[in-house]
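*Asks:* Below are the chains, spelled out letter by letter.
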Amino acid sequence: MDFDWMKIPYAFLTVFIVVNYGFLMGALIQKIGARAGRRHGIPIWQYYLDVIKNYGLRTSITHGVMFYLGPVFRLSGGVGLLLFMPVIYGSYMFSNFSFAGDLILALYFVFFGTLGMALGAGESGHPHAAIGVTRGLQQVSMAELPFAMAVFSVALQYQTLSITEIVAAQQGGMMNWTLFTNPIAVAAAMLAFLGSMMRPPFDVFIAPQEIPIGPPTEYHSSYLALMQTNRAIFPVAKIVIYMNLFFGGAGSWPELFVKVFFLYLFSAFVGVCFPRFRVEQSIRFFLVWAVPLGVLSIMVV
Amino acid sequence: MTTKPELMKRMVKGPDGLEFEVDPLRDYYCEAPPTVMPGAYIQIVEDFFNWARSKSLWILGFGTGCGAIEMRPLMTPRFDAYRFGVAWRPTPRQANLFIISGYLSTKTLKRAIRAYEQMQNPKYVIGLGSCTINGGMYWDSYNTIKKLDEYLPVDLYIAGCMPRPEALLAGFEEMKKIIRTGKAEGANQYAENFAWYKANQKRVIHDWDMPDYNW
Amino acid sequence: MVINALHILATGLGAAFLTGLLDEKRNGLAFMITLGALAFMSAVSAGWLVLFAATGAHPMDIQTAGTPPPFAIALRMGLAEAALLTLINLAGLFAAMHMGETLLARGRRAMAVLLVMVMALCGLVLTRDLFNLFVFFELIVIATGGLVLLSDDERAVSAGFKYLIVSQFISVLLLVGIVFGYHATGTLNIDGMAEQGSGAFALAFFLILIAVAAELKPFPANGWALDIYESAHPGFAALFSAAAASAALFAFDKVLAIGGAEWLPVATGIGIVSFVAGNLLALPQTNDRRLLGYSSIAQSGLILVAIGQQDILGEHYLFIAGGLLLSHAVAKAGLYWLSGFVAGRELTDWAALRQRPLLVLAFVTGIAMLSGLPPFPGFYAKWELVHLLANEGRLALLGWILFGALVEAGYLFRWFGYAIKRESAHTIDCPPDRVIPVIAALLAGWALGFAWGELSGRSNLLLVLPLLFALAFLLLEWAPAWLKNTLAIGGLSLYFLQTWQDYDPLRLIFLVIFTLGGAIIFLASFHAHGRRIGFYPSAMTMFAGMVLLLQATDSFGFFAAWELLTIGSYFLILRGKESEPHALSYIVFSLGGAFLILAGFAIAAASVVTLAPSGAVSPAPTFEIASLATLAQPVAPWVFLLLAIGFMTKTAAIGLHIWLPGAHAEAETDVSPMVSGVLLKAGLYGLFVLLMSMGRQSLYGVDLVNLMLWIGAITALLGNLMAIFQEDAKRLLAYSSIGQMGYALFGLALMNHLGWLMALMFVINHYVYKSMLFLSVGGVAKRTGTRAMYQMGGLITLMPLSFIATLVGIIAMSGVPPLSGFGGRWIFYNAIMDADTRLPMVLIFLSGPIAFLYLFRLIHTIFLGQLKDEHRRLKEAPLSIVLPQMIYVAILIGVAIFPGLILRRVDAYISQFLPDGALNWEGLTITSQYGWWNPVAIMIVVACIFLLIFGWLLFVNRKAQKVKQFNIVFSAERPYRPETTHFAWNFFAPYKKAMGFLVQPFVTRFWGAITDLLHTAGDLGRRLYNGNGQIYAFHFLIFVVVVFVSQLGM
Amino acid sequence: MVHVVMATGFLLILIGFYGALTHRNLLRMIVAFTVADTGVNVVIVSVGHMRGRSAPILDRAVAAADAVQRIIDPVPQALVLTAIVIGVGVTALMLAYAWRIYRQHRTLDIARLTALKG
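For the record, the sequence lines run as chains A, B, C and D. With my numbering applied, the first sequence corresponds to residues 1 to 301, in that order. With my numbering applied, the second sequence corresponds to residues 1 to 215, in that order. With my numbering applied, the third sequence corresponds to residues 1 to 1050, in that order. With my numbering applied, the fourth sequence corresponds to residues 1 to 118, in that order.
Calculated directly from the structure, the hints in this document are not laboratory data. For glycine and all other residues, C-beta sits at the position ideal for the given N, C-alpha and C. Accuracy of the hints is not assured; some may be wrong.
[To be verified] Per the computed footprint, the stretches of chain A lying under chain C, defined by three or more beta-carbons under 8 Å from a beta-carbon of chain C, are:
#, stretch
1, 23 to 30
2, 73 to 87
3, 96 to 106
4, 109 to 123
5, 149 to 163
[Claimed, not checked] Below 20 Å or equal to it, Euclidean Cα-Cα: the simulated EDC-like pairs (lysine to aspartate or glutamate) are:
#, chain 1, residue 1, chain 2, residue 2
6, B, K176, B, E46
7, D, K117, C, E454
8, C, K964, B, E6
9, C, K964, B, D23
10, B, K107, B, D212
11, C, K962, B, D27
12, B, K107, B, E117
Whole structure, please, built from the sequences with the hints as guidance.
*Replies:* As structure tokens, then:
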């Protein structure tokens, strides 16, 4: 695999599909959550409207260069993550820039946006932004651990770090999915997944009112629009990693839509059922429940 | 102007021994006044934006008076305002609809002004309940403002004491109409008549301890 | 041409009488006569010394009264005697000069006594007659009794009396022993007695031996000596310690010859007990002269050990014992003379010395000589001694010697730290007659270092170019800092240009970091004004040590280089404002590690020799480093263990890390990157060499490399974890270094191709980003005047370049693409795919995100958040500090895009050792067995996406209003003050709640307890010396009995 | 006879040591040391003694020619002479010290001269 110019329009296409899917699925999940509270919830196209409105705001302020760049980092992180992965298994069109690196690149590129966003929020000078960032970082540091171990376990299992090869190894029926061939790793990873989805019980870092929504407290207008766009792309991209590693990948867009939807739904289900953890509680939760699973997964693989 | 010690000018000695003056109001706050922000150059784009704005009303979650209690039911299954594209945001930066929920004490007025000014243009104000119109039952109170319109540009009043949530929902629909027709230009009105608003505000707020415009 | 040695004695005695004949008032003349006589005696001895040294002539017997022994007293003059006489007479001469004022005040009698003293000491060395020995001893006693009274200290009188009491006991035993020895052998001649052996008069010989031994002030029969050391005139104390102790040691050696080999263990036993106890007791001392006294006792003990080990030292005996003895004598004399300049008697009063850099140099020379550091004779001697001991398997003795030496270094360097860092109200005046002796000692020390280097038969450290270059800066101290700095940069660069072809790729990387890397950091040193005395010699010694380390192929060169870089860096670290305790713990840990390395080398040398195919007979106390590979069971794992611990001390592996945070954090702005970015790599280099040559080792079934893997992982985790709780920016970086070194150690211990490559990548990356971050934070700390992060904040607009450096640094360090840290992480993942052990990875997985925490904290609390009032007018850090940072930014980006430029060659090189798993460097993509990575593509893709989105934002958001720091939404309120609005202190409080149990200071407590234990032991020990002269006499008798009983037991 | 003398010598030494270790008065200690010194001298002399021979003085009574058979070993005698001289010197020095100590501290008690310790 190598670069050719056609990859650029293909990449735009991928981003376009995922953004739309992300908006719609996000709203759908929101509606499902609302149904759990016996409401109807937002219209399915609400996210489009919000984004357009935010782009349409006439004023904005800036606290400085990093503040300005924060959302850019954030969205670049999401888009980059998506484009560094082969989104659709076996498709040249949607393998995008995966020639640039393997699974490890994807795993580490996750932090690109996080870091930029944290810096931008930091420059706003708002203490609550910083508090939110520290809470997020602390929680993620522990939530990432079982995931890292699960990834290691899966990489050992398939003896490769190539996402395509990992997906390839899971082809030929559901029973070949890592979910069934390495259930412990998947269990560990799914607990970690909960921790990284910004949903209850692990959402204390955006606790509204206490620290008015944490890191993005100061963000508004088009900054916020960029971040909303990222909210559409980034979870999908992240779930695509999970899907590829543990759930057999996706050979076509519809398959991807379905799998991503259900994975997202999983975190939403947990989210509507459980109250919020404090940071040290969630750290302990991961340490006590998820980490041993992760350790077990790398020991038995 | 201010008597708050933390806002007074003071001499500060830097680590290199250099002494200099710090004027908090100048150094901590942006002093630029608000300006009138025209809409998009192309009318159809502005209409499009107005349509989107009307469909995405983000309310600042700031209950300024007793009427705030009527807003909570809007989030419940019975009223479910989210259906209409109405949502609450915890920070004024991200909100564009400010509901002054009932009487506004002068003390709260200062906070309301600050929060209003920190919202981004275009931004809308709804006066909730009679108190925001003429002071209502507190028309002779020493401590509340009577006519909200003199202090903030109000786009819409929802009369009543208290107006029920249904009235609020109707008010939102009314607000949407105003936005869609492009008449909800309170922010620009505020910038245009900035001096007048400020004079009114400062008349009732005696411990004015902030810059004229809170960016 | 040479004058009969008898004239030495005659001159001394004659001059003493002559002064007696002079008129009471003509003190000046008497003093001139004294000096003249001593100078003449020195010249005669020196003449003999030159004769023996130049011609290698045999010792010469001088017969008095024209008859051979046993009918007359015989004297002997040989190389050792000549050297000792030179030492004694010169010590006497300079002591006279030093005490000039006192002598002139006290008149000719005092001078006569001094002359008698020196003469008697010479006699002690020269005589071969036992009774004559006794007479000289008694003369020394009487002269000492007289000279003690020269002191201004009133307590000296009682000290002198205590001395006389014990000396009476000694002389009775000695006389009784002598007369029975004579009775049994019919001769008083030592050689005559030695011929007949001591078997016939063992008890008498024991009495003689023990009496002479008592003159060496062995523990515990030495309370009187300490009192004299403490209260006597420093000029005399110098003589007493340097000359009297040396002469007594020589006498002991002579007497021991009578007894033969069976008595050697007695000497060893007394020696090692005195050495260890003397050092332990010195630990709690606060009085400088008493401390020196204890140190003298310890040093005599060490020389006694050498004397006792002469059966195995063979031809090296003189080299070793002489090296130790001369080192001690010169250093101790110098230090006592120095103490004459210091008004107060507390150790901290030596801070006054700082007013005179030359005296500080003399001080440090003395301390280095006593501690046996290169390039002084003690270093060579200790090397040989340790090797010979290891060769004979006398490991317990070796261990005690190294332990004692470590304790000694501990209190000496603590003292030096006081002198450099504490404040003193006293001033120092430097009359030439007092400075000259000190300078003489200083020069003698260096000269001896040179001589021993020549004699060692190995590379003379004082002829090694890098070290000479470093020492040349001592002569340049008058020059302004910028000039020296330019020279330093030039020197390092030139060295690189001259030698880089000689290295294999692995060493070349280290060379680049050690030389060019150092040169870049030196750019930051341009910010310093004035002369910056002491900085350049120290720094360049460190760099010299490091390049010599790379050059070294044999164990001696390696170890010498190791010690040099340790000392150099110690002086560098000590320069920091608050760094005194940290520098001390640094040097103690480093020397401890170095001693372990020494022991490892010694043990290895013993085995390498037996394995040598040539069947070499004589033990060769040095070997090619590479031949570590030939070591076999059961030695190999032990050697591995010793060396590994030694190297891990330098990389601050967990458990041995407590020195690092303080040392790195408190160091000066440009020193922190030197010791963190550059120096730590020396430890890694050591580990590289060790693993390359020895490979896997296991001890009692424990795979040591595996153990290292765990240590590396735990270090990485705990280092990072501790870093996130620091409020001090430089401490944070220091703890981060611990963590990073843990990563590197982990990579090495993986023992696979990619693990090593990763370690190497860490070597490069850590150098770059840690140097950069230390400079950046150092620049900020310099401007803000604090290192506490919560006192900073919002500096981004004021110090944008520092911010950029920090930003790039933390992106690189956290491993986020597209910067170079990601390469390290990528290699790491590929490396662990091949690893046999999986559990330690868990710790590494955890430490990665934790690193993220402290890095965010670093950049946020310093540069982001709320700007403080007093910082509003800060300027960007000085150009000289910013410039290297910008170079690092360029390097980081360069390495990020083209890692192959460096790694490719190393990859190929590592394949020699670990052929499996090499990377494929075809095209722009780097491919491993498991995955791939294309840095160029990553960089371009990320840049394109970023710019695209940035462009879009600029378009839609072009009218953004720039606001100020308090324009934030604050729940409709406003912030009170920046200090209350900047979220910075206790940044990760929840983490402490959840994980704090891991960062309890267990290790600090452990080492603290050890230190306390040693101090308590020393403190208990010193209570033996309750000041009562009779008790001291009891001590002596008990000593005699104990030695006798243990001798019977043997 | 020789053994008796030698035993006496050793006894004197022991008495001297005992005295020096038990008496706290400086002067008494000095006296004790002179006793011990004397004991040593007696021991030395007794070691050099040979039954039936005369003193090693070559005069009319003992001719130089047969001196080897007629006189006792002269070396111990010489040693004793030297030892006595040295003993006197040391004793004198000690006395001088004692005087000085008394002048300084107004005491002759060794147990009170403990300003220096540890």
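*Asks:* Please verify the coverage claim for the stretch 149 to 163 of chain A: does it have three or more residues whose C-beta sits within 8 Å of some C-beta in chain C?
*Replies:* holds (count 8)
*Asks:* Is the straight-line distance between the alpha-carbon of K107/B and that of E117/B 20 Å or less?
*Replies:* holds (16 Å)
*Asks:* Compare the distance between the alpha carbons of K964/C and D23/B with 20 Å, and conclude whether the hinted pair is satisfied.
*Replies:* With a Cα-Cα distance of about 13 Å, the restraint between K964/C and D23/B holds, given a limit of 20 Å.
*Asks:* Verify this for me: three or more residues of the stretch 109 to 123 of chain A with a beta carbon less than 8 Å from a beta carbon of chain C.
*Replies:* holds (count 8)
*Asks:* K964/C and E6/B were given as a pair; does the straight-line alpha-carbon distance stay at or below 20 Å?
*Replies:* holds (16 Å)
*Asks:* Within 20 Å, alpha carbon to alpha carbon, are K962/C and D27/B?
*Replies:* holds (13 Å)
*Asks:* Quick check: the stretch 96 to 106 of chain A, covered by chain C? Criterion 3+ residues, Cβ under 8 Å.
*Replies:* Answer holds; 8 residues pass the 8 Å Cβ test.
*Asks:* Counting residues of the stretch 73 to 87 of chain A with a beta carbon closer than 8 Å to any beta carbon of chain C, are there 3 or more?
*Replies:* holds (count 7)
*Asks:* Could you grab the alpha-carbon distance between K117/D and E454/C and see if it respects the 20 Å cut-off?
*Replies:* Status violated; Cα separation ~43 Å.
*Asks:* For the stretch 23 to 30 of chain A, does the count of residues with a C-beta closer than 8 Å to a C-beta of chain C reach 3?
*Replies:* violated (count 0)
*Asks:* Are the Cα atoms of K107/B and D212/B separated by 20 Å or less?
*Replies:* holds (16 Å)
*Asks:* Check the hint pairing K176/B with E46/B against an upper bound of 20 Å on the C-alpha distance.
*Replies:* holds (15 Å)
Going through the hint list in order, the structure does not satisfy hints 1 and 7.
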